[in-house]
Amino acid sequence: MSQTVFCRKYQQELEALPFPPLPGKKGQEIQATVSKQAWEEWQALQTRLINEKHLNMLEPSAREYLMEQLERFLDNEQTDQAEGFVPPEK
1 MSQTVFCRKY QQELEALPFP PLPGKKGQEI QATVSKQAWE EWQALQTRLI NEKHLNMLEP
61 SAREYLMEQL ERFLDNEQTD QAEGFVPPEK
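Note that the numbering used here has the sequence shown beginning at 1, numbered continuously upward.
Don't take every hint at face value.
[Claimed, not checked] Simulated crosslink set (DSSO-like; lysine-lysine; CA at most 27 Å straight-line):
hint : residue 1 : residue 2
1    : K26       : K36
2    : K90       : K26
3    : K26       : K9
[What the hints assert, rightly or not] Just the calculated beta-carbon pair ranges, DEER-fashion:
hint : residue 1 : residue 2 : range
4    : Q3        : L58       : 32 to 38 Å
5    : K53       : L22       : 16 to 22 Å
6    : E15       : S61       : 19 to 25 Å
7    : P20       : A44       : 35 to 41 Å
8    : H54       : T4        : 34 to 40 Å
9    : P18       : S61       : 30 to 36 Å
10   : P88       : G24       : 33 to 39 Å
11   : S61       : S2        : 35 to 41 Å
12   : Q12       : E64       : 28 to 34 Å
13   : E77       : A32       : 18 to 24 Å
14   : R72       : T4        : 33 to 39 Å
15   : S2        : E59       : 34 to 40 Å
16   : M57       : T4        : 28 to 34 Å
17   : Q3        : N56       : 34 to 40 Å
Worth flagging that the hints you see were computed from the coordinates, not collected in a lab. These numbers come from a predicted model, not from an experiment. We put the beta carbon where it would ideally sit given N, CA and C, even for glycine.
Sequences and hints are given; from them, build the entire structure.
Laid out in C-alpha cells, this is it:
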C-alpha cells in the first residue's frame, strides 16, 4: 500500500510522492506536503510555461519565476497560463 500525505493543494489525504522531487530542504518539504496528483499537475503546467514562454532554465530569473509559480499553484492562487493553450477534450 502506498503512503499518503495531507496535500497542501487539495487539503485532503492523497497518495504521497515516492521521493523528494527537488534536492535539499525544499524537496523534502514538498514530499511531506504535496500529493503525487498535485505534483504531476504542476509538472504539466511547468512544461507548458517553459515551452510557451521560451524559458531558459540556465537563467536564474527563469528558475525563480517557476518557483514563484509553483508556490502560487500549490497555494491555489492564480498562476500564469501558457497563451494559446487549449486543454484536450475528454
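Consistency of the hints with the structure:
{"no.": "1", "hint": "K26 to K36", "result": "holds (16 Å)"}
{"no.": "2", "hint": "K90 to K26", "result": "violated (34 Å)"}
{"no.": "3", "hint": "K26 to K9", "result": "holds (16 Å)"}
{"no.": "4", "hint": "Q3 to L58: 32 to 38 Å", "result": "holds (35 Å)"}
{"no.": "5", "hint": "K53 to L22: 16 to 22 Å", "result": "holds (20 Å)"}
{"no.": "6", "hint": "E15 to S61: 19 to 25 Å", "result": "violated (33 Å)"}
{"no.": "7", "hint": "P20 to A44: 35 to 41 Å", "result": "violated (19 Å)"}
{"no.": "8", "hint": "H54 to T4: 34 to 40 Å", "result": "holds (38 Å)"}
{"no.": "9", "hint": "P18 to S61: 30 to 36 Å", "result": "holds (31 Å)"}
{"no.": "10", "hint": "P88 to G24: 33 to 39 Å", "result": "holds (35 Å)"}
{"no.": "11", "hint": "S61 to S2: 35 to 41 Å", "result": "holds (37 Å)"}
{"no.": "12", "hint": "Q12 to E64: 28 to 34 Å", "result": "holds (30 Å)"}
{"no.": "13", "hint": "E77 to A32: 18 to 24 Å", "result": "holds (21 Å)"}
{"no.": "14", "hint": "R72 to T4: 33 to 39 Å", "result": "violated (24 Å)"}
{"no.": "15", "hint": "S2 to E59: 34 to 40 Å", "result": "holds (36 Å)"}
{"no.": "16", "hint": "M57 to T4: 28 to 34 Å", "result": "holds (31 Å)"}
{"no.": "17", "hint": "Q3 to N56: 34 to 40 Å", "result": "holds (36 Å)"}
Hints 2, 6, 7, 14 from the earlier list are contradicted by this structure; the remaining hints agree with it.
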